[in-house]
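Number of protein chains: 2
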Amino acid sequence: MRVGILGGGQLGRMLALAGHPLGLECVVLEPNPEAPARPVSVQLVAAYDDAEALAELAARVDVVTYEFENVPVAAARFLAERVAVRPPPAALEVAQDRLAEKTCFQRLGIPTPPFVPVHTRADLEEAVARVGLPAVLKTRRLGYDGKGQRVLREAGDVEAAWAALGGAPLILEGFVPFGREVSILAVRAQDGTCAFYPLVENRHEAGILRLSRAPAPDTPPELQEAAEVYARRVLEALEYVGVLAIEFFQVDGRLVANEMAPRVHNSGHWTIEGAETSQFENHLRAVAGLPLGSTAPRGVSAMLNLIGQVPEPAAVLRVPGAHLHLYGKTPRPGRKLGHVTVCADDTATLEARLAALRAEGVAEP
Amino acid sequence: MRVGILGGGQLGRMLALAGHPLGLECVVLEPNPEAPARPVSVQLVAAYDDAEALAELAARVDVVTYEFENVPVAAARFLAERVAVRPPPAALEVAQDRLAEKTCFQRLGIPTPPFVPVHTRADLEEAVARVGLPAVLKTRRLGYDGKGQRVLREAGDVEAAWAALGGAPLILEGFVPFGREVSILAVRAQDGTCAFYPLVENRHEAGILRLSRAPAPDTPPELQEAAEVYARRVLEALEYVGVLAIEFFQVDGRLVANEMAPRVHNSGHWTIEGAETSQFENHLRAVAGLPLGSTAPRGVSAMLNLIGQVPEPAAVLRVPGAHLHLYGKTPRPGRKLGHVTVCADDTATLEARLAALRAEGVAEP
Numbered sequence: 001m002r003v004g005i006l007g008g009g010q011l012g013r014m015l016a017l018a019g020h021p022l023g024l025e026c027v028v029l030e031p032n033p034e035a036p037a038r039p040v041s042v043q044l045v046a047a048y049d050d051a052e053a054l055a056e057l058a059a060r061v062d063v064v065t066y067e068f069e070n071v072p073v074a075a076a077r078f079l080a081e082r083v084a085v086r087p088p089p090a091a092l093e094v095a096q097d098r099l100a101e102k103t104c105f106q107r108l109g110i111p112t113p114p115f116v117p118v119h120t121r122a123d124l125e126e127a128v129a130r131v132g133l134p135a136v137l138k139t140r141r142l143g144y145d146g147k148g149q150r151v152l153r154e155a156g157d158v159e160a161a162w163a164a165l166g167g168a169p170l171i172l173e174g175f176v177p178f179g180r181e182v183s184i185l186a187v188r189a190q191d192g193t194c195a196f197y198p199l200v201e202n203r204h205e206a207g208i209l210r211l212s213r214a215p216a217p218d219t220p221p222e223l224q225e226a227a228e229v230y231a232r233r234v235l236e237a238l239e240y241v242g243v244l245a246i247e248f249f250q251v252d253g254r255l256v257a258n259e260m261a262p263r264v265h266n267s268g269h270w271t272i273e274g275a276e277t278s279q280f281e282n283h284l285r286a287v288a289g290l291p292l293g294s295t296a297p298r299g300v301s302a303m304l305n306l307i308g309q310v311p312e313p314a315a316v317l318r319v320p321g322a323h324l325h326l327y328g329k330t331p332r333p334g335r336k337l338g339h340v341t342v343c344a345d346d347t348a349t350l351e352a353r354l355a356a357l358r359a360e361g362v363a364e365p
Numbered sequence: 001m002r003v004g005i006l007g008g009g010q011l012g013r014m015l016a017l018a019g020h021p022l023g024l025e026c027v028v029l030e031p032n033p034e035a036p037a038r039p040v041s042v043q044l045v046a047a048y049d050d051a052e053a054l055a056e057l058a059a060r061v062d063v064v065t066y067e068f069e070n071v072p073v074a075a076a077r078f079l080a081e082r083v084a085v086r087p088p089p090a091a092l093e094v095a096q097d098r099l100a101e102k103t104c105f106q107r108l109g110i111p112t113p114p115f116v117p118v119h120t121r122a123d124l125e126e127a128v129a130r131v132g133l134p135a136v137l138k139t140r141r142l143g144y145d146g147k148g149q150r151v152l153r154e155a156g157d158v159e160a161a162w163a164a165l166g167g168a169p170l171i172l173e174g175f176v177p178f179g180r181e182v183s184i185l186a187v188r189a190q191d192g193t194c195a196f197y198p199l200v201e202n203r204h205e206a207g208i209l210r211l212s213r214a215p216a217p218d219t220p221p222e223l224q225e226a227a228e229v230y231a232r233r234v235l236e237a238l239e240y241v242g243v244l245a246i247e248f249f250q251v252d253g254r255l256v257a258n259e260m261a262p263r264v265h266n267s268g269h270w271t272i273e274g275a276e277t278s279q280f281e282n283h284l285r286a287v288a289g290l291p292l293g294s295t296a297p298r299g300v301s302a303m304l305n306l307i308g309q310v311p312e313p314a315a316v317l318r319v320p321g322a323h324l325h326l327y328g329k330t331p332r333p334g335r336k337l338g339h340v341t342v343c344a345d346d347t348a349t350l351e352a353r354l355a356a357l358r359a360e361g362v363a364e365p
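Read top to bottom, the protein sequences are chains W and D.
Numbers 1 to 365, taken from UniProt numbering, label the letters of the first sequence in order.
Numbers 1 to 365, taken from UniProt numbering, label the letters of the second sequence in order.
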């Protein structure tokens with residue numbers, strides 16, 4: 001069976017690596033001829049809106065999925081007329097627009113920060129009055145890794161935020177005084193079966209994920225349960241097939257949904273070694289119509305992103321329980337070049353191993 | 001870093017899959033243009049004795065290794081004049097000849113069955129007299145999966161065995177009335193550090209490995225210790241770098257060495273999910289000069305070879321803890337097409353899962 005993937009970055013690479021043992025060969029549509037997925041997949045080098053390339057992809061594969069959410073919805077719909085597309089293009093559409101996304105959460109009874117759409121300068125004033133300060137002004141589309149957003153702490157910040165972002169469709173969201181950020185990776189099979197990985201605790205720096213701990217420490221079962229209930233509502237409402245990630249703010253014992261990604265997710269990379277079945281394998285199992293694998297954790301794990309530069313591999317591999325994942329990308333400041341997952345049987349050992357990675361100079365916040 | 005591999009079968013495929021996360025790209029020299037390793041590596045399609053192709057391989061990589069032991073030693077030596085070759089060609093030479101192999105074991109104080117080289121019909125008579133019956137007549141070279149051998153149970157069997165195998169250099173070995181077959185996977189790094197996986201219990205059928213259980217059930221620590229002592233002697237005597245497999249007959253509480261393979265081995269496939277670091281990753285770490293990873297098991301595992309035909313993937317994946325590995329090969333009777341590893345926390349659960357695989361029609365002796 002052949003699986004088409006829109007996008008050939010590191011997520012496409014790790015999907016392709018997970019596909020080979022299952023007998024699934026991945027065909028990637030991706031404009032960058034030196035994409036991370038290239039050495040492990042068949043690549044069509046073309047733009048996402050290239051109708052000829054999309055038709056060729058549809059002809060060559062049995063099912064199409066995506067590895068990032070900013071592919072044009074029109075491309076996914078074009079493909080869906082020719083071949084199965086999973087998750088459904090509607091999920092892509094919702095996830096691409098922060099307003100649609102928050103509205104979807106709200107409709108499904110999933111708590112969100114207060115939010116108001118903003119088109120004009122006058123809208124913004126009114127939105128600030130309704131939401132209150134502090135608040136966050138965000139572009140509705142194409143934001144990732146903290147890009148396209150400004151925090152408004154006082155009335156004087158409004159002008160500069162509007163100057164930076166005004167013109168694009170915007171959303172103003174109430175600032176959530178959260179204790180930590182957590183995410184859930186959920187997966188739904190074609191027969192409707194759902195499975196959930198344990199909540200992950202995420203630490204960001206300058207808007208980029210740096211460190212995930214899984215299962216998230218100090219997580220009462222009610223929190224996991226709430227996350228699963230919310231994720232299931234989204235999966236079922238969208239008739240979703242594949243892996244879905246939802247990021248939450250945790251405020252005391254409550255979850256407030258921040259955003260979702262209709263794909264495998266950086267906060268799920270730990271599952272390669274840290275869970276019975278990786279998010280990449282489970283995504284492929286789902287889209288290929290196979291039974292899901294167990295999402296149970298194996299011990300405890302932490303995942304460190306390698307950003308901007310790659311440490312000496314030996315420095316990582318010297319640390320017990322550490323696993324290196326490089327993406328074959330050219331180093332550039334702020335670029336995700338790889339990650340390290342470190343596993344252990346218990347939290348104390350895990351923290352000692354994280355300290356050993358720090359001592360080896362492997363970056364960590 | 002680039003790693004050259006002589007051979008592009010399933011072992012090359014799994015090495016290449018393990019290499020990508022470490023930032024190691026594999027370049028495979030292999031005559032079959034549809035080799036299992038092809039979709040995940042760069043392939044040079046050429047014969048193993050093609051000097052031009054060997055020179056190109058040497059020029060394109062930093063180190064060369066092999067994935068099966070029947071590549072010409074001359075090719076390995078040709079390469080060794082141009083680029084690092086690990087394990088050393090001398091290990092290949094010893095493993096290719098059953099007489100050299102048994103002599104090496106004997107010299108290192110590792111128990112073997114009695115053995116005598118056989119060149120002529122007269123030699124064979126004399127060898128039978130010395131070794132006694134039952135005995136096994138084997139070709140010294142190119143035997144694998146039970147090919148190139150005949151069991152002599154009584155004097156009347158000598159004639160037919162000679163008719164079948166006579167002409168090639170042979171070895172007559174005493175038949176070992178063994179309780180079971182076990183193997184050890186050992187690995188040595190460039191700095192001389194050695195690590196050992198737990199002994200594996202292997203069940204063959206018609207000379208082909210069908211089922212491995214790891215760690216081998218009912219294994220007293222002395223047996224593991226003996227295997228490690230023997231393996232370390234071979235690793236150190238050959239100044240070996242990489243993974244080495246040694247197969248033993250277990251006779252009561254003793255180990256009798258049968259053969260070795262200077263490469264990753266079918267009885268080590270369980271390590272992908274069942275050990276902290278897979279044999280494939282550890283082989284690459286060793287040949288690339290990186291620190292070794294832990295060889296500790298994660299729970300208990302069993303590995304089933306998929307021979308001649310491939311079951312429905314869903315039938316395998318429905319069973320909890322089961323992991324499918326297909327090699328992308330065309331089905332043919334007796335051909336290894338893939339394997340299934342099933343993992344569990346304890347032996348009872350493992351056996352129940354093996355029974356579930358049997359119920360799903362996944363082949364098992």
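What the hints contain is simulated information worked out from the structure, not anything from laboratory work.
Hints may be right or wrong, so weigh each one.
Which copy is meant is left open, because identical chains are indistinguishable; a pair holds if it fits in one copy or across any two.
Unchecked claim - SDA-like mimics (lysine to any residue), calculated; alpha carbons at most 25 Å apart, straight line:
1. K147 - E52
2. K329 - P313
3. K329 - A59
4. K147 - T219
Ascending list of hint numbers which this structure does not respect: As far as the earlier hints go, 1, 4 are violated by this structure, in ascending order.
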